[in-house]
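Q: Protein chains in written order, with our numbering: chain A, 1 to 79; chain B, 1 to 206.
It should be emphasised that the hints constitute simulated quantities derived from the structure, not laboratory data.
Just to be clear, a hint being listed does not mean it is correct.
With a Cα cut of at most 30 angstroms, we get these calculated DSSO-like pairs of lysine-lysine [said to hold, decoys possible]:
| id | chain 1 | residue 1 | chain 2 | residue 2 |
| --- | --- | --- | --- | --- |
| 1 | B | Lys131 | A | Lys13 |
| 2 | B | Lys17 | A | Lys13 |
| 3 | B | Lys10 | A | Lys13 |
| 4 | B | Lys81 | A | Lys13 |
Restraint ranges, calculated between C-beta atoms of paired labels, are given here [to be verified]:
| id | chain 1 | residue 1 | chain 2 | residue 2 | range |
| --- | --- | --- | --- | --- | --- |
| 5 | A | Val69 | B | Ala13 | 39 to 45 angstroms |
| 6 | B | Thr151 | A | Val47 | 41 to 47 angstroms |
| 7 | A | Val69 | B | Thr151 | 44 to 50 angstroms |
| 8 | A | Ala64 | B | Val70 | 39 to 45 angstroms |
| 9 | B | Ile194 | A | Asp45 | 53 to 59 angstroms |
| 10 | B | Val158 | A | Val74 | 44 to 50 angstroms |
| 11 | B | Gly156 | A | Val73 | 32 to 38 angstroms |
| 12 | B | Ala202 | A | Asp45 | 15 to 21 angstroms |
| 13 | A | Ala55 | B | Lys131 | 40 to 46 angstroms |
If the Cβ cut is set under 10 angstroms, some of the chain B residues that face chain A in the computed set are [as the list claims (entries may be wrong)]:
| id | residue |
| --- | --- |
| 14 | Ala32 |
| 15 | Val35 |
| 16 | Met43 |
| 17 | Glu53 |
| 18 | Ala157 |
| 19 | Ala187 |
| 20 | Phe191 |
Here a beta-carbon is modelled for each residue, glycine too, at the ideal position from N, C-alpha and C.
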Amino acid sequence: MIASVVDLAALWKILVATLLVGSGLTALYAIGVRSLARLAAARRDGVGADVAAHALVVAVVTTACACAVVLGVVAMTHK
Amino acid sequence: VATAGWHAVKGQAIVEKVLAPALLAPIICGAAAMVGTLIAYRMLQRERTAEQEVTRRGYRYGQVATASLVSLAHGTNDAQKTMGVITLALVAHGTLHQHGASDFSVPLYYGYPLSTTHVVSGGILGVGVGKRLAEVRWGLAGQIAGAWALTLPAAGAVAYATFWAADHLAGGVAGPVIMAIVAAVAATSLFAAIQRRSPVTASDVA
């Protein structure tokens, strides 16, 4: 009954993509922002190892988010 | 309906392509926004007060990117609806052949028609739920849902009345032109009346 009015094949892809990309990217960005805050604290406290670790996390998250933005633009302009 | 009668309406297609997505889009996006907001708040709530300005700045940059993407999504998705309506009007009038209209089909990435308006509204609701349940103005959410429910029959009724009036008032191009002027005057009057009663300012979107 539901399958006759709802395209279930498309729906499950949307569900997975929304939860993975929507929630996952938000969580990833939160990790980046948290590391950015801790990077500022580590710089102020002068803890070199923490500065390097948090800077690495910020760089990885920034790259991943930038890639997600590019992928989003490509997906939207090629639909 | 006005040109070809009720048999021209494909009920299953309306449910499949309009009603089901309109119902599912806010729920799916709301769920994703709620989970994302919950995770973000859990992660950042224990950060030291001294670093809150850094966190705020980080999210400000993020907001610029997400707002730009929403604008792009709206422009590449919802703007096509107007083109679709114009195409349908041209087909109904006989100016455009029916086969020419098929080129206007713009399927979404996974082949499902979702409205940015419904997705964004669901997302805002989800963020409110994820932050704290009390943050959501459920009365307003109910009004929005009520307006969505009314949109389809109301738009259909207005389109029917406009087409009927244009067809019976005057022949040829004069009828549509008269109705376009009437519609423009009605829309301007409605906007002016709303602005007098409760003005919409920049603070409403800030």
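Q: Give a verdict on every hint.
A: Checked hints:
1. Lys131(B) to Lys13(A): holds (27 angstroms)
2. Lys17(B) to Lys13(A): Given pair Lys17(B), Lys13(A) holds - Cα atoms ~16 angstroms apart, limit 30 angstroms.
3. Lys10(B) to Lys13(A): Status holds; Cα separation ~26 angstroms.
4. Lys81(B) to Lys13(A): holds (24 angstroms)
5. Val69(A) to Ala13(B): 39 to 45 angstroms: Violated: the Cβ-Cβ distance is about 34 angstroms, outside 39 to 45 angstroms.
6. Thr151(B) to Val47(A): 41 to 47 angstroms: Given about 57 angstroms between the Cβ atoms, the range is violated.
7. Val69(A) to Thr151(B): 44 to 50 angstroms: For Thr151(B) against Val69(A), whose Cβ atoms are near 32 angstroms apart, the range 44 to 50 angstroms is violated.
8. Ala64(A) to Val70(B): 39 to 45 angstroms: violated (20 angstroms)
9. Ile194(B) to Asp45(A): 53 to 59 angstroms: holds (55 angstroms)
10. Val158(B) to Val74(A): 44 to 50 angstroms: Once the Cβ atoms are compared, 38 angstroms apart, the range 44 to 50 angstroms for Val74(A) and Val158(B) is violated.
11. Gly156(B) to Val73(A): 32 to 38 angstroms: Because 35 angstroms falls inside the window, the suggested range holds.
12. Ala202(B) to Asp45(A): 15 to 21 angstroms: This hint is violated: roughly 41 angstroms between Cβ atoms.
13. Ala55(A) to Lys131(B): 40 to 46 angstroms: About 29 angstroms separates the Cβ atoms of Ala55(A) and Lys131(B), which means 40 to 46 angstroms is violated.
14. Ala32: holds (3 angstroms)
15. Val35: holds (4 angstroms)
16. Met43: The hint holds - Met43(B) has a Cβ within 10 angstroms of chain A, the shortest such distance being about 4 angstroms.
17. Glu53: holds (9 angstroms)
18. Ala157: At 24 angstroms from the nearest chain A Cβ, Ala157(B) fails the 10 angstroms test, so the hint is violated.
19. Ala187: Since the shortest Cβ distance to chain A is 30 angstroms, the answer is violated.
20. Phe191: violated (31 angstroms)
Taken one by one, the earlier hints fail for this structure at numbers 5, 6, 7, 8, 10, 12, 13, 18, 19 and 20, listed in ascending order.
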